[in-house]
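Visitor: Here's the letter readout for the chains.
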Amino acid sequence: MIDRLRRVGLHPSVILALVLMSLWMVAYRRLDGVAIELYQPSVAGVRAFALYLNGRYGDAARAYREAHRGPVWASDTGDPTGAWAAAVGDTALAERRARTALEAFPTALEPRVTLAEVALDRGGLAEASRELSAVLASHSDHIEALYLSAVVHGRAGRAGQAIDALNRALRSGYAGARRATPFRLLELAGDLHARPAAERPLCLLAHLFRYLRIFDGAHAARALAYAELAVAANDRPADAWLTIAVVQDKLGRHEAAMQAVRHALAADPRHAEAYRWAAVEARQRGDLLLQYRMIRKAFESALTDPYYVEDLSRVVLGRLGDAHTMTALMEQALAADLNNAMARKHLAAARLVLGAPRSGPPAR
Amino acid sequence: MIEAARRRPAGARILGALAGFALAGWFGTMVYNFRVVGSAHAIGVVVGTVLMALWAVICVQRVMTATPPAWMRRLLEDGELVVGFVVLNLILMNVFSPFLMLLSQIWLGASLFPLVLGMAARLSGRVLFVTFVVATIALLWLSLTRLARHVAPASAALRRVQRAFRVVATSAVALYGIYATALSFNGSLDGPLAVEHRRELVAVTTVNTPLDFPVSWIDLRAADGTLERITLIAGKDGVWAGQAVVVRVRAGFFGIPWIESVALDEERRTELLVEAAPSAAEPRRALVALRLRQGRAADAVTHTRVYLGYYPRDIAFARTVAETLRGAGDAQSALELDRLALAAAAR
Numbered sequence: 016m017i018d019r020l021r022r023v024g025l026h027p028s029v030i031l032a033l034v035l036m037s038l039w040m041v042a043y044r045r046l047d048g049v050a051i052e053l054y055q056p057s058v059a060g061v062r063a064f065a066l067y068l069n070g071r072y073g074d075a076a077r078a079y080r081e082a083h084r085g086p087v088w089a090s091d092t093g094d095p096t097g098a099w100a101a102a103v104g105d106t107a108l109a110e111r112r113a114r115t116a117l118e119a120f121p122t123a124l125e126p127r128v129t130l131a132e133v134a135l136d137r138g139g140l141a142e143a144s145r146e147l148s149a150v151l152a153s154h155s156d157h158i159e160a161l162y163l164s165a166v167v168h169g170r171a172g173r174a175g176q177a178i179d180a181l182n183r184a185l186r187s188g189y190a191g192a193r194r195a196t197p198f199r200l201l202e203l204a205g206d207l208h209a210r211p212a213a214e215r216p217l218c219l220l221a222h223l224f225r226y227l228r229i230f231d232g233a234h235a236a237r238a239l240a241y242a243e244l245a246v247a248a249n250d251r252p253a254d255a256w257l258t259i260a261v262v263q264d265k266l267g268r269h270e271a272a273m274q275a276v277r278h279a280l281a282a283d284p285r286h287a288e289a290y291r292w293a294a295v296e297a298r299q300r301g302d303l304l305l306q307y308r309m310i311r312k313a314f315e316s317a318l319t320d321p322y323y324v325e326d327l328s329r330v331v332l333g334r335l336g337d338a339h340t341m342t343a344l345m346e347q348a349l350a351a352d353l354n355n356a357m358a359r360k361h362l363a364a365a366r367l368v369l370g371a372p373r374s375g376p377p378a379r
Numbered sequence: 017m018i019e020a021a022r023r024r025p026a027g028a029r030i031l032g033a034l035a036g037f038a039l040a041g042w043f044g045t046m047v048y049n050f051r052v053v054g055s056a057h058a059i060g061v062v063v064g065t066v067l068m069a070l071w072a073v074i075c076v077q078r079v080m081t082a083t084p085p086a087w088m089r090r091l092l093e094d095g096e097l098v099v100g101f102v103v104l105n106l107i108l109m110n111v112f113s114p115f116l117m118l119l120s121q122i123w124l125g126a127s128l129f130p131l132v133l134g135m136a137a138r139l140s141g142r143v144l145f146v147t148f149v150v151a152t153i154a155l156l157w158l159s160l161t162r163l164a165r166h167v168a169p170a171s172a173a174l175r176r177v178q179r180a181f182r183v184v185a186t187s188a189v190a191l192y193g194i195y196a197t198a199l200s201f202n203g204s205l206d207g208p209l210a211v212e213h214r215r216e217l218v219a220v221t222t223v224n225t226p227l228d229f230p231v232s233w234i235d236l237r238a239a240d241g242t243l244e245r246i247t248l249i250a251g252k253d254g255v256w257a258g259q260a261v262v263v264r265v266r267a268g269f270f271g272i273p274w275i276e277s278v279a280l281d282e283e284r285r286t287e288l289l290v291e292a293a294p295s296a297a298e299p300r301r302a303l304v305a306l307r308l309r310q311g312r313a314a315d316a317v318t319h320t321r322v323y324l325g326y327y328p329r330d331i332a333f334a335r336t337v338a339e340t341l342r343g344a345g346d347a348q349s350a351l352e353l354d355r356l357a358l359a360a361a362a363r
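Protein chains in written order, with the working numbering: chain R, 16 to 379; chain A, 17 to 363.
The set of hints was computed from the structure by calculation and includes no laboratory data.
Small disclaimer: the values here were computed from a predicted structure and weren't measured.
Just so you know, even glycine gets a beta-carbon here, dropped at the ideal spot from N, CA and C.
Hints may be right or wrong, so weigh each one.
The following label-pair restraints were derived from C-beta to C-beta distances [stated by the list, open to error]:
1. A:Thr45 x R:Ser57: 42 to 48 angstroms
2. R:Glu81 x A:Leu128: 52 to 58 angstroms
3. R:Ile30 x A:Gly41: 30 to 36 angstroms
4. A:Gly41 x R:Ser37: 25 to 31 angstroms
5. A:Ile153 x R:Lys265: 29 to 35 angstroms
6. R:Lys265 x A:Val150: 26 to 32 angstroms
7. A:Pro114 x R:Ala65: 18 to 24 angstroms
8. A:Pro84 x R:Arg45: 21 to 27 angstroms
9. A:Gly134 x R:Thr92: 49 to 55 angstroms
10. A:Glu216 x R:Glu214: 44 to 50 angstroms
11. R:Asp47 x A:Thr186: 22 to 28 angstroms
12. A:Arg89 x R:Ser57: 46 to 52 angstroms
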C-alpha cells in the first residue's frame with residue numbers, strides 16, 4: 016500500500032500531516048469558543064471536560080464541582096462571607112463563616128448568598144429560596160442571587176419564575192462572580208435537557224443555553240433550537256422570541272435579531288426587556304428615532320423598575336437634548352414609586368439643564 | 017503544460033497568474049464601485065468574483081507544478097519526509113504553549129533558550145489554524161496533481177485542452193477589463209449633477225461570505241409602489257438605517273446611469289425626530305441648520321421660534337441663526353429673530 020502510494024508520488028508523511036492537520040482544525044473549531052472556566056487542570060477536570068464535550072452537561076457540571084474541591088487556602092479574614100469555602104466544597108466552613116459575618120452585620124447580603132449556596136449543595140431548596148428571597152427583597156438586581164434563584168425555581172419546577180430571574184440577571188451583562196454559578200446552571204440545563212422530550216421546559220432551557228453561550232459559543236444553536244420549540248409550543252413565546260433576538264444579536268445577525276424582537280413585542284406588547292433590545296438594535300443601525308421610541312416604551316412598560324432610567328436618560332437627555340420630556344418622564348416614575356432613587360437623580364439632572372443660564376443643552 | 021513550462025520559466029508563469037488574479041480583482045473593484053442601475057451590478061460583481069477565484073486557482077496550480085531550483089528541490093524532498101512530524105510538533109507546541117510561556121518567564125540567566133521558548137509559546141491557535149489551512153490546501157493540491165498525472169499522463173489532447181482553457185481565462189479577464197474601464201470612465205467623467213430619488217426601505221439582506229466580507233442588498237419601494245433591489249457598497253453607502261433613504265443616481269458620461277450612493281434620508285429623519293420629540297433641542301437645531309442650508313428662511317425662523325419657546329434662555333442660538341440669515345442677505349428674517357431673542361431674554 017505504502018509502496019503504491021509512493022509510486023503515485025504520495026509520501027506517507029504527507030498523508031499523516033494531512034490527517035493530523037484536519038483533526039487539529041476540527042478540534043480547534045470546536046474548542047475555540049470555549050471559555051477558560053471549562054478547563055480545569057486536573058484529572059477530574061479532564062473527565063469533566065470530556066463529559067461536557069460528550070453533551071452530558073449534568074454529569075459534567077457535577078464532575079466540575081468535584082474538580083473544584085480542595086483545601087481552603089483563604090483564612091477567615093480573607094474569606095469573611097464564606098464564598099471561597101463554598102466554591103471549594105467545604106460547606107461546613109462556608110456556613111460557619113457566613114453565619115459569623117451575619118452576626119456582625121445582619122444586613123449583609125453576600126453571607127446570605129453563601130448560605131443559599133450551602134443549602135443548595137445540601138438539597139435544601141426551601142432554605143435556599145428563603146435566603147435568596149431575603150437578598151432580593153433588599154436588592155432586587157443582585158446578580159448572584161438572581162442566578163441562584165433561577166436554579167432554585169428551575170429545580171422546584173417553577174419554570175416561569177426561573178425565566179424571570181434569568182432574564183433579570185442576564186440584562187446586567189454579567190455572568191456572575193461566584194465560581195460555582197455557571198456550573199449550577201449547567202447542571203440544571205443538563206438535567207432538564209436529559210428529560211424525555213415531552214417533559215422539558217422548553218423556554219427555560221432556551222434561557223439556560225442563552226446563559227451558557229457566554230462560556231461556549233456552541234450553545235447558541237441549542238438556545239435558538241429550544242426557543243423555536245418554545246414558540247411552537249406557545250411556552251412563553253415573548254420570552255422565547257427575546258432569547259432568539261439576543262442570541263442572533265450575539266451572532267452578529269442584527270436583522271434577524273430585530274425581526275425576533277418584533278415577534279416578541281407582538282406576543283407581549285408590554286415586554287420591557289424586548290423594547291430595550293429593540294432600542295439596542297436601533298442603536299446598532301444608527302436609528303435614533305426608533306431607539307428613542309423603543310427605550311421610552313421600555314421605561315413606560317416598567318415604570319417602577321429603575322433599570323431602564325439610565326438608558327432612557329442617555330437617549331432623551333444625552334442624544335436628543337430633551338430636558339422637558341426627561342423631566343416629565345422622571346416625574347411619572349416618581350409618581351409610580353417615590354423611592355426610585357435613579358429617577359430622582361435624573362430628574363435633578365434634567366432640571367439642572369432647564370435652569371442653566373444658557374438653557375438649551377450644549378450643541379455637539 | 018510541460019511544453020509550455022519548457023518555453024517559459026516557472027517564475028514568469030507564476031507572475032503571469034498573479035497578474036491575472038490582481039487584474040480580475042482590480043476590475044472587480046471598479047465594477048463594484050461604479051454601480052450601474054438594475055441587476056447588471058450584481059451580475060458584474062459575481063462575474064468578477066468568479067474570475068478572481070479562477071485566477072487564484074490557476075495561480076496555486078502554477079506554484080504547485082513549478083519546477084523549483086535544485087537546492088530547493090532537495091529541501092522540499094527532505095521536507096516531504098518529515099512534514100508529518102513537523103505538524104505533530106507544532107500541535108504539541110500549541111497544546112503546551114501556556115507552559116512554555118511560563119517557563120520562558122521564570123528561566124534564570126540570559127541565553128537564547130528563554131527567547132526561543134517565548135517565541136514557541138506565542139504560537140497561538142489562530143496562527144496555527146491559518147498555517148494549517150494553507151498547508152492542507154497546498155498538500156492536497158500537490159497530492160491531487162500527482163494523482164491526476166498518474167491517472168491521465170500528459171498527451172497532445174490534454175495540452176490542447178489546457179491551452180484552450182488558458183485562452184478562455186485570459187480573454188474573460190480582458191473582456192471584463194474593457195467593461196470595467198468603460199464603467200469607470202462613464203462614472204468618473206460624469207458631470208456633477210445627481211438626481212435624488214426618495215424611497216422607502218422595505219428589507220435589508222446581508223450575507224456574510226466566508227472571507228468575512230458582507231454582501232448586502234436592499235429592497236426599496238418608490239412612491240408609486242414599484243419595488244427595486246440595490247446592492248450596497250461597503251464603506252461607501254455609509255450608515256443607513258430606518259425607513260426613508262435617498263438614492264442618488266447619475267446619468268453617466270456614456271449614458272449608462274449609475275447609482276452614486278444610497279443614504280439615510282437625513283432631512284426626513286430629522287423631521288420625524290422633531291415630530292416625535294417636539295421639545296428635543298438637538299433635532300430642532302439640526303432642522304433649523306438644514307433649512308438655512310436649503311435657503312428656507314421662513315421655516316428656519318418658525319423652528320427657531322418654537323425652539324425659543326422651549327429653551328427661552330438659549331438666545332445665543334437665535335442670534336447665531338440671525339447672523340447666518342443676515343450673512344445670506346435676508347435682513348428681514350434676521351431682524352425678526354433678533355426681536356424674538358430680545359423678547360425671550362426679557363421673559
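Visitor: Each hint needs a verdict: does it hold in this structure or not?
Guide: Results for each hint:
1. A:Thr45 x R:Ser57: 42 to 48 angstroms: Cβ of A:Thr45 to Cβ of R:Ser57: about 54 angstroms, so the range 42 to 48 angstroms is violated.
2. R:Glu81 x A:Leu128: 52 to 58 angstroms: 43 angstroms, violated
3. R:Ile30 x A:Gly41: 30 to 36 angstroms: 34 angstroms, holds
4. A:Gly41 x R:Ser37: 25 to 31 angstroms: Given about 30 angstroms between the Cβ atoms, the range holds.
5. A:Ile153 x R:Lys265: 29 to 35 angstroms: Distance hint for A:Ile153, R:Lys265 holds at roughly 31 angstroms.
6. R:Lys265 x A:Val150: 26 to 32 angstroms: For A:Val150 against R:Lys265, whose Cβ atoms are near 30 angstroms apart, the range 26 to 32 angstroms holds.
7. A:Pro114 x R:Ala65: 18 to 24 angstroms: 20 angstroms Cβ-Cβ, so the 18 to 24 angstroms window holds.
8. A:Pro84 x R:Arg45: 21 to 27 angstroms: 37 angstroms, violated
9. A:Gly134 x R:Thr92: 49 to 55 angstroms: 38 angstroms, violated
10. A:Glu216 x R:Glu214: 44 to 50 angstroms: Distance hint for A:Glu216, R:Glu214 holds at roughly 48 angstroms.
11. R:Asp47 x A:Thr186: 22 to 28 angstroms: Hint violated: Cβ distance 41 angstroms, outside 22 to 28 angstroms.
12. A:Arg89 x R:Ser57: 46 to 52 angstroms: With a Cβ separation near 49 angstroms, A:Arg89 and R:Ser57 satisfy 46 to 52 angstroms, so the hint holds.
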